[in-house]
Structures are given as structure tokens and as C-alpha cells.
Amino acid sequence: MAQCTLKPDMEFVRELQAAGGETLKKCYQCATCSVACPISPANNPYPRKEMVWASWGLKDKLRTDIDLWLCHNCGNCADLCPRGARPADLMGAARNMVYKELTEPAVVGKWMSSPKGLPVLFAIPAVLWLVIWWIRAGFNGGQWFPRAADGRIVFGQIFYGDYTIDPIFMITFFGACFILYKGVRKLFGMFKPEGKLLVIGKTKPWYMHLYDVIVEEIITHKKFSECGADKSDRKIGHMAVFYSFVILAIVTAIVAGGHWVGKVIPWLKVETPMPLTYPIKVLANVGALALLYGLGSLTLRRRKLNPKYQASSFYDWYLLGIIWAVALSGVLSQVFRLMDAVKPAFCVYYLHLVFVWMLFAYLPWSKLGHFVYRTAALVYVRMYGRS
Amino acid sequence: MATKIGVYFDQQNIGGGLDVQALADGVSKKWGDFAPVVKVYPVLANAEADIQADIEAQGLDGVLVCGCSPRYDWNLYQFPGIQVERVNLREQCVLAYKNPDGSAAPAGAAPELLVAMAQDYVNMGVVKLQKSTLPEGAAVEGVKRVLVLGGGWTGLHAALEVAKTGYEVVIVEKSATMGGHVQNIPTATPLSAPWTEPQESGLEAKIAQVKSNKLITIYTSSTIARLEGQPGEFTATIATAKGEEQVQVGAVVLSTGWTPLAGKYLEPMGYGKLPGVVTAGEFGKMLREGKMDAKRVAFVLDTTLAEEAAKAQAAAAAEAAAEEKPEAAAPAEGEAETPAFVKQDLESIKHLGYSNSVSGVAALRLANAVCDKFDGAQVFILYKDMVVQGLLERYYKHAQNRLGIMMTKADVTDIARSGDALKVSCANTLLGMDFDVEVDMVVLPTGIVPTTAKDAVVQFAYRQGPDFPDLDLFDGFTDSNYICFPYETRRTGVYAAGCVRQPMTMDACAEDAAGAALKAIQCIEAATRGVAVHPRSGDLSYPIFNFVRCTQCKRCTEECPFGALDDDEKGTPKPNPARCRRCGTCFGACPERVISFANYNIDQIGSMIREVVVPKDFQTEGPRILILACENDAYPALDMAAMRRKSWSPYARVIPVRCLGSVNAIWVSDAMSKGFDGVMLLGCKYGDDYQCHFVKGSEICNRRKENIAETLNRLGVQPERVEQLEVAIDEYDKVPDMIDGFVARIVDMGPNPFKGM
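Protein sequences, first through last, are from chains A and B.
Residue numbers for the first sequence follow our numbering, so the first one is 155 and each next one is one higher.
Residue numbers for the second sequence follow our numbering, so the first one is 204 and each next one is one higher.
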């Protein structure tokens with residue numbers, strides 16, 4: 155049988171090194187990492203094999219590797235690596251490469267891969283929302299910082315939900331969903347081994363597996379616990395951020411739903427801005443506090459990492475940074491609004507919109523993509539009898 | 204011969220309930236005027252001044268210290284011009300004692316058997332002194348000049364090291380230029396900290412340094428035609444282009460290096476058949492000359508393909524030889540007298556494997572060079588075992604970090620042509636799959652074949668022939684028999700360094716050169732003082748021949764493990780004391796007992812044997828067993844066993860010997876006629892993987908034992924009464940059982956028929 159001929163891609167190795175895996179060449183294949191990993195399967199463990207594929211520039215092997223997504227990045231492997239090759243970072247870097255190249259337009263992935271692309275990424279929503287501000291200022295008699303008739307600050311005067319925020323975010327949201335859907339399809343195609351795969355025994359449809367994944371793993375953050383008890387601050391931090399996203403999503407859904415449904419069924423109408431004691435508002439602020447707590451804890455954890463074992467790539471800092479920006483700008487715009495500081499309030503709210511848009515629009519190319527791709531991988535392995 | 208001795212008992216180091224005063228009184232009574240001073244001290248170490256006073260007052264010429272083993276307190280009791288002997292009453296008498304039934308000695312007064320044993324040991328000590336004289340040494344003039352054979356990397360370093368000490372150096376280099384194989388190396392492996400970056404070898408500077416040194420004389424295009432004499436006064440005959448020239452030298456550093464393994468061994472890997480398949484040596488040369496333009500290179504360190512082919516070939520050859528067995532060519536009568544020396548070619552596929560640790564580093568070095576040359580280079584290192592010695596581990600790690608260098612353990616199953624490229628097939632790799640790689644060039648390791656595998660490079664004018672003995676044990680490498688003495692060869696005064704000794708990297712060669720240079724100087728100094736250089740460093744004694752009784756049987760000249768003895772046409776031995784290592788194998792061999800050392804001789808040990816009181820009644824008083832123990836390994840093992848509270852039969856008496864090779868058959872006869880029931884020869888393991896300090900001693904002893912057995916048979920004594928047992932120095936836990944087992948076998952056999960006669 156003809157064997158495959160390896161075609162090492164040195165450029166890929168360079169890119170991996172740039173994406174957070176700069177120490178990957180140090181690996182001498184002792185497999186301590188695979189032994190140290192609490193969640194790696196016994197029969198085909200990771201991340202040793204990923205290390206050698208990376209070192210040899212085997213791009214296809216690494217890109218199509220489902221194990222990248224099963225890794226939850228606890229860093230046990232990196233702590234025990236005798237050569238300081240930081241396998242956890244390599245796994246992260248390989249995931250970053252997937253974010254970068256999986257979905258079109260690839261140019262966004264390129265911008266997203268280094269701080270150099272940041273100005274462009276920022277400029278797109280900044281211009282978009284500035285144009286809207288300018289147009290709406292025209293509607294408000296040329297006033298860039300208008301007040302409502304009763305003197306309150308109402309952001310909706312400028313960033314009017316019906317015609318600006320809602321349509322733009324709808325398009326953004328569904329666009330991102332579509333891109334992610336395409337990404338997941340592509341990912342499933344890559345995971346699929348050569349030849350035919352036969353699953354023996356009872357099979358379930360994918361959505362049942364998705365339900366299992368969500369109930370058994372995501373809600374409980376089970377894998378985080380399996381990664382090791384000493385990493386509990388990571389689990390709590392991640393859970394806080396995760397649930398704050400869930401809460402804020404619910405709030406957004408209620409507000410948007412209340413707005414649009416309220417147009418038909420008036421008693422379901424939700425007015426914004428809401429009073430501070432309004433239950434939905436309370437929930438939103440609880441979510442914001444949870445987000446701040448989670449972010450603080452995750453950021454501190456990253457700051458405390460010993461660079462000998464684990465480092466943080468641009469992808470890590472971008473995600474933390476953009477969520478920080480969203481959270482702070484969100485909280486501050488509320489604070490300024492309540493303080494009745496009209497100019498800062500509008501400016502910060504404007505920034506908030508820019509950051510939120512960045513968070514969602516660039517999601518498929520950013521580290522936040524993991525919530526879709528990892529979930530997809532977890533579903534995939536369950537579909538084929540691995541867990 | 205000591206004429207008047209003092210006997211001193213060190214009470215604190217005896218114990219065991221022995222009545223030391225009674226022992227002392229016994230000595231006075233038995234030895235009378237020969238031992239005018241017999242004293243007991245509670246702590247003898249404090250009484251050195253007293254002993255010195257006794258020596259002066261009584262005119263003593265010998266001191267016998269009875270206490271602990273001579274292996275302890277060895278720095279005490281040294282009196283200039285006085286012979287000092289030690290009796291080991293602590294370890295091998297009191298501590299080793301147990302009752303014949305195996306129970307421990309009762310507390311309180313010493314049992315009778317222990318007292319008898321102590322008396323025997325003390326009396327043996329007295330006799331030993333009585334039969335011993337102070338050695339004087341056989342000093343030679345000592346030419347302060349070292350011959351360095353081979354002017355390569357190692358030779359250059361050795362020459363400079365020697366010259367640094369003020370000694371003269373003569374370098375003899377076979378080729379027209381100095382520098383050897385390093386001339387073909389593009390860059391050297393790291394030679395100093397931080398051991399990560401390749402460096403320039405600095406060969407030209409080194410050669411210039413050697414050439415400008417006034418103490419160093421260089422002969423290029425020259426070889427050694429003959430080396431005769433002994434350390435301190437060798438005469439080297441150098442064959443130069445202009446004719447022969449003689450130089451006096453004191454010692455020799457052998458740094459003749461290596462030659463590359465013949466290409467035919469690499470043919471199964473495509474060498475010589477596929478263009479683009481070269482050896483590491485050739486690849487280095489191509490790089491150096493700028494002729495290397497391959498961007499994809501595979502270094503194939505797994506040489507299984509070549510090894511398997513060689514194995515199959517050898518098997519086929521053996522089969523063919525078995526089929527057509529030629530009539531054994533009977534040696535023509537008369538020619539057997541002096542068969543001409545024929546050098547056996549020891550080059551083999553094995554050298555490829557031996558070179559692995561150097562080949563690995565060479566691959567790293569050349570791989571780095573390829574990456575330096577081309578930015579997008581892809582270099583594969585396919586190894587079976589990646590061996591990188593010493594601090595070069597850091598170089599290895601550094602190379603691993605380099606983009607473009609890809610390493611994996613692999614079974615290389617095929618090297619073939621594939622279009623314009625070469626295809627290397629790999630199985631069992633770290634990548635978890637079998638795969639091919641396409642490359643422009645394949646580099647195979649260069650096998651290091653020591654020059655001594657091909658030629659007798661030193662050309663000794665020795666009785667035992669022009670070459671080193673038993674080179675086949677090391678497949679032609681002039682490696683040392685001792686792990687702790689790396690530069691030793693079987694020819695005293697010749698010290699091997701560099702790749703002629705073992706395949707090694709350049710940094711190791713330089714270190715080796717320094718070591719061998721210091722050994723050469725040490726050897727000249729020792730010869731000048733008339734002392735042994737190794738392993739009995741500082742021993743003044745040497746074999747003295749009483750030629751009147753010599754029958755020219757040649758046993759001594761043939762058996763000397765170091766070829767120290769030459770002979771004349773008639774076969775009369777010609778001793779070369781400076782070549783001698785003082786093991787006594789010669790006198791063990793001599794049937795006429797014409798050889799002796801001043802402080803170690805046939806009569807001395809024979810008299811000690813006869814001094815043991817052997818009871819007539821075997822049944823009630825037990826047997827007596829003589830143990831002749833090698834003092835290098837077996838004797839320390841016994842001491843250690845005793846120190847760890849192991850004990851053995853009280854019927855055994857231990858006499859240390861320099862080497863089992865020095866055991867003369869007459870001692871066994873002495874013991875048998877004295878009434879001993881058994882003789883145990885306790886020495887080192889022998890065979891190819893031996894550990895004997897004198898290389899051949901225990902092996903020779905074993906051979907002689909067969910002759911002894913024959914003699915015993917003739918006398919009607921069971922030959923099983925003499926047994927040789929092998930023990931290593933760390934086998935203290937086994938040696939008591941060996942003794943007890945032997946004693947049990949003797950008890951079963953019954954008494955020596957000669958007992959009481």
C-alpha cells in the first residue's frame with residue numbers, strides 16, 4: 155500500500171508560533187502531557203500527537219483534529235511538561251488557527267489574528283454607528299446630545315430601536331449565525347475520518363445529543379471540574395461570565411420582544427429606559443455584576459499565569475478585552491445616564507454599541523467562536539460513540 | 204628479610220573477647236629474639252611515637268600491627284625504611300567469626316576456635332615479614348619526551364597539553380597535513396558553554412600553535428616502523444619519506460584516529476547506487492566546499508537496513524563455509540616456530556552502531572548548517588536511538604527548537620528514487636503513522652573504524668607481537684580494560700585517546716587528549732622513580748629473576764598480560780620493569796620458581812601456609828580451608844561482609860594475593876601436604892566481560908587449575924578440593940555463603956588423605 159507522503163508546511167508552523175504556540179518546537183515527545191490530561195481518552199490521547207503534527211507542519215492533520223475542541227485548556231499538561239513546550243498553548247494556538255481560517259471572509263480572520271488588525275475591526279462599527287448618530291442628530295434638530303421632552307436622557311432618541319439598533323443587530327446576529335452554521339458544517343466535514351464510519355448500537359439524532367451536551371456538560375461545566383479541582387477559580391469565573399451572558403441574552407430577548415410584541419399586544423409592552431427597581435432591570439444589573447465578577451476573576455487568573463507554563467495569546471486578550479469593553483461601557487452608560495451627564499452618556503453608549511457589534515459580528519473568527527465549535531465537536535463525538 | 208621485628212596489638216580494634224595479652228605472650232614465646240618487642244596498646248594509633256622509639260632503641264627493621272584490616276587506617280604506621288605489615292584481626296577474624304554450627308560466638312571469653320584463628324593470623328603475619336625485604340625499585344633514566352601518534356584533533360591537543368608541562372613532544376602524522384578529519388568539517392559541534400551553538404573549530408590556529416611551539420617536533424607523511432624498550436626509555440623508529448629515524452621517547456599517546464567505514468556496508472541503503480545518497484562525512488565536505496544545494500535533506504540514523512543485509516550476508520557466508528568445509532590446512536612443519544604476524548581486519552558493520560552517538564551529533568550539526576544556508580529548508584532526522592552524550596544534550600535541545608528540523612524515531616524501511624527526488628519510507632514513527640518523505644538528499648552516518656582495527660599502528664618490537672592483544676574484544680578499538688582508567692592500554696606507557704579508543708565528539712576528544720597526555724607524563728615520572736604506574740601505583744617492587752635455574756620454558760613471557768617480558772633467541776626472559784604492572788602472573792606461571800618480588804614471593808606465601816596450625820583430628824577439631832583471595836576485589840569484599848556483620852566458617856584462613864594470576868601451583872601442594880582439606884581461590888570474574896585488575900589473572904589461574912587437578916589426581920587427592928570462585932567487589936552479601944558452601948562440600952568429602960603425614 156502506498157503510504158502517504160508528508161508535506162511539511164513550515165509557513166504553517168510559523169503561523170502557529172505566532173498564534174500562541176511559540177514554544178511548540180521544544181517538545182521531545184515524552185507524552186507526559188497526554189498522561190497528565192485528565193480528560194484525554196486512553197486509546198488515542200492528546201496533546202502529544204498534536205505537538206508532533208505542529209512541529210512537522212502537518213496542517214491538515216491539525217486542522218481536522220477534533221481533539222483540539224475536546225481540550226478545555228486547564229493547563230495541567232503545561233504544568234508538567236518537562237521541556238516547557240506548553241502543549242496547552244499549542245492546542246489554543248491550533249484552535250486560533252481554525253478561527254482564523256475556517257470561515258469566509260478570511261480577511262476578518264487575518265485582522266483578528268494580531269493587534270495590527272484591531273484598528274480596522276474597530277473602525278467598521280465605529281463608522282457605522284457614527285453615520286447613524288449623524289443621521290439621527292439631523293432628526294433631532296441637529297442635536298447630537300438631545301434630551302427627551304421630560305428632560306431625561308433617552309438613548310433611543312439617537313439610536314432608535316425600530317430603525318437602527320434592531321435591524322442592524324438582527325442582521326448581524328443572523329449573519330453571524332449563518333457563518334457559524336457554515337463553519338460547523340465545514341468542521342463536521344473535516345472531523346469525518348476517511349472512508350466509511352459505521353456506528354453500532356442505538357443512534358440518536360444530533361439535536362438529542364446537543365441537548366445532552368447542554369444539560370450534562372455546559373450547564374454544569376462538568377469538564378472544568380474534571381480538569382482538576384485546583385483550577386476551580388477558572389470554573390467559577392467562566393461560569394459567571396457564561397451565566398451573565400445567558401441572563402443578558404434573556405433580558406435582551408425580553409426587551410426586544412416586549413418592544414415588538416408590545417406594538418401588537420399593548421399590555422406586554424416594555425418601556426425603556428426601565429426604572430431601577432423593575433424586575434427585568436434588576437435581572438440585567440445582576441447579569442452585569444456577574445459579568446464584571448467573572449471577567450475580573452478570569453483576567454486575574456490570566457495575569458497570574460506563569461509564562462514558563464502557559465501564556466496568553468492575542469486571541470485570549472482580545473476576547474477578555476472586548477467583553478470588558480462591552481461590560482464597562484454598558485455599565486458606565488447607565489451610570490452616566492443616571493448621573494444626567496448627557497455628553498458622556500451618549501459617547502459611552504455609542505462605544506457600547508460599537509463594542510457589542512464587534513463582539514457579535516466577529517464572533518466566528520474570535521475565541522468566542524469556541525462556544526459554537528466546541529459544542530459542535532462535543533455533539534459530534536457523542537454521535538460517534540466517544541465521550 | 205626482616206631480622207628483628209616489633210609486634211603491636213591494637214586492643215580497641217580487636218575485641219571479640221580475645222585475651223590479647225595472652226596472644227602477645229604467645230608471640231614472645233614462639234618467636235623469641237626475632238620479635239624482641241611485643242606490646243599491647245589500648246589505642247595503638249596514639250602510640251606511633253612509642254613505636255618509633257622502639258625502632259630506634261631496639262634496631263627493629265619490621266613492625267607488625269595487629270588490629271583492623273590494612274584497608275583501614277592505611278595512613279597510619281608508616282616508618283621510613285621500616286617494613287610494616289598488618290594482621291587483620293578485626294574484620295576477617297573477630298567480626299567474621301561464627302561457631303561451626305552457624306551460631307554466633309557467646310559473649311564473654313573468646314571460643315577456642317577463634318583464639319586458634321587469631322594465633323594463626325598473627326603467626327602468618329610474623330612469617331610474612333620474616334620472608335620480606337624492602338623493595339628498592341628499578342628506576343630508569345626517563346626521557347622527558349612524549350611521542351604523539353597522529354596529528355589530528357586529538358593529537359594536536361595532546362601535544363599542546365604535554366608541551367604545557369615542559370615536556371618535549373614528537374608528533375608523527377601519517378598524511379602530509381595536520382588536522383585529520385576535522386579538516387573536512389564545516390563547523391564544529393559546540394566545544395564550550397553554553398553548548399548550544401556550533402562554533403568554528405579553530406583548527407588552523409591550533410595547528411599554527413603546535414607548529415610554533417619549540418618543544419614540539421612534527422613528522423608528517425611518516426609512520427612508526429618500530430617501538431622498542433620500555434616506558435621512560437622507548438626507542439621509536441620513525442619511517443619518514445627520507446628514510447628511518449630513531450627518537451628516544453618516554454611514553455606514547457596513541458591518537459591515530461579512525462577511517463570511515465567502507466561504502467559497501469551502506470549499499471543496502473542506496474549508497475553508491477542512488478545519486479543524492481551520501482555519508483555525513485561527504486556531506487560535510489560538500490557543505491564546506493559550497494557544493495551542497497539541497498533544501499530537503501533526510502539524515503537517516505536508523506541503519507537497520509544495512510545491518511540486516513550484513514547479517515543475512517554473514518549467515519549466507521557461514522552456510523557456504525559449512526558446506527564446503529576445506530581440509531584443515533595442516534601447518535607446515537618447521538614453520539610453526541615463528542609465524543609471521545598477520546593483522547586481522549576487524550572492520551565490520553558493528554562500527555556503524557558504535558558510532559551512533561557521534562553520528563547523532565553530526566546529523567544535528569549538519570542539519571543546522573542546512574537550515575543556516577536555506578531559509579525554507581526542511582531537514583528530517585530519522586533515528587532509532589538518538590544518543591547525544593554529555594553537555595551536548597543542550598545542543599540537541601537547541602536543534603529541536605529550530606524551525607525546519609524535524610526529528611522522529613523511525614524504522615526506515617526503504618530509500619528509493621521518486622521522480623527527481625528521493626523517497627524515504629518510515630514506519631513506527633512518533634507521528635503515529637507510517638509515511639514517506641520526499642527529499643533531495645539522503646545523508647547516511649559515517650561509521651568510525653579505529654585505525655587499530657585495520658593496522659598494527661604502533662609496531663611494538665615486543666615478544667608478544669607488534670599489535671595490542673585482544674583487540675577483537677573491542678572490535679578493534681584500543682579501549683581500556685578499566686572503566687575507571689579510560690586511557691590505559693594493554694601496553695604500559697602507551698595511552699590511547701580520541702576516536703581510536705571510542706567514537707567521540709570533538710569536545711570529548713580534546714578532553715581525552717588532556718587525560719592521555721597526563722597519563723603519559725605520569726608514566727615517565729613513575730619509570731624515573733622506579734615505581735609501578737598502574738594499577739599498583741607507587742609500588743617499588745618488581746619481578747627479580749634467578750636466571751641460574753631458568754629452563755627457558757617461556758611460560759612467563761607468554762602469560763604476562765602486558766607483554767612486559769621480552770626474551771632472547773634461547774628463550775631466556777628479558778624483564779622490562781617499567782612495562783611491568785607487578786601482578787605476579789609471571790611467578791605464578793614459573794614451574795621453577797625463579798621469579799620473586801622483594802616483598803612478595805613463593806617462599807613467603809608457602810611459609811605462611813605452613814605456619815597455620817592444622818589439627819590432626821578432622822572429626823572433632825574440624826577441617827582447615829585455605830582461601831587465596833585476590834586483594835583487589837575479593838579481599839575488600841570479605842572486609843565489607845565482616846563489617847556488615849556477616850560471618851563465615853571458622854575453619855577458613857585467608858591469605859591475600861596480588862592477583863589470582865600470581866598463584867603458583869606449589870602453594871596448593873604446600874597446603875595439601877600441610878594437611879589443609881581444601882583450597883579456595885577467590886578472584887574476579889573472567890572471560891570477555893571480565894573485571895580483573897590484571898586483565899587475565901583469574902582466567903590464567905583457571906587454566907592452571909586444570910594442571911593442578913591433574914597433579915592432585917596423581918597424588919590420590921580429589922581435585923574437587925581446589926576450587927576457584929568468582930566474586931565481584933560489591934558481592935559482600937554472597938561471599939560468606941560461597942565460603943560456607945565450599946566448607947560444607949569439603950566436610951562431606953572427609954579429611955585430606957595427607958593429613959597428619
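Calculated directly from the structure, the hints in this document are not laboratory data.
Given the structure is predicted, the values throughout are model-derived calculations rather than measurements.
Ideal Cβ placement from N, Cα and C applies to all residues, glycine included.
One or more hints might be untrue.
[Claimed, not checked] Taking beta-carbon pairs under 8 angstroms as the criterion, some of the chain A residues facing chain B (in silico):
id, residue
1, Val167
2, Gln183
3, Cys184
4, Thr186
5, Ser188
6, Val206
7, Lys340
8, Arg536
Hint by hint, here is what the structure shows:
1. Val167: holds, 6 angstroms
2. Gln183: Given a least distance of 5 angstroms, the restraint on A:Gln183 holds.
3. Cys184: Since the shortest Cβ distance to chain B is 10 angstroms, the answer is violated.
4. Thr186: A:Thr186 check fails; min Cβ-Cβ to chain B is 14 angstroms, beyond 8 angstroms.
5. Ser188: violated, 11 angstroms
6. Val206: Status holds, d = 5 angstroms.
7. Lys340: Cβ of A:Lys340 sits 24 angstroms from chain B, so the hint is violated.
8. Arg536: Status violated, d = 24 angstroms.
Hint compliance for this structure: hints 3, 4, 5, 7, 8 are broken, all remaining hints hold.
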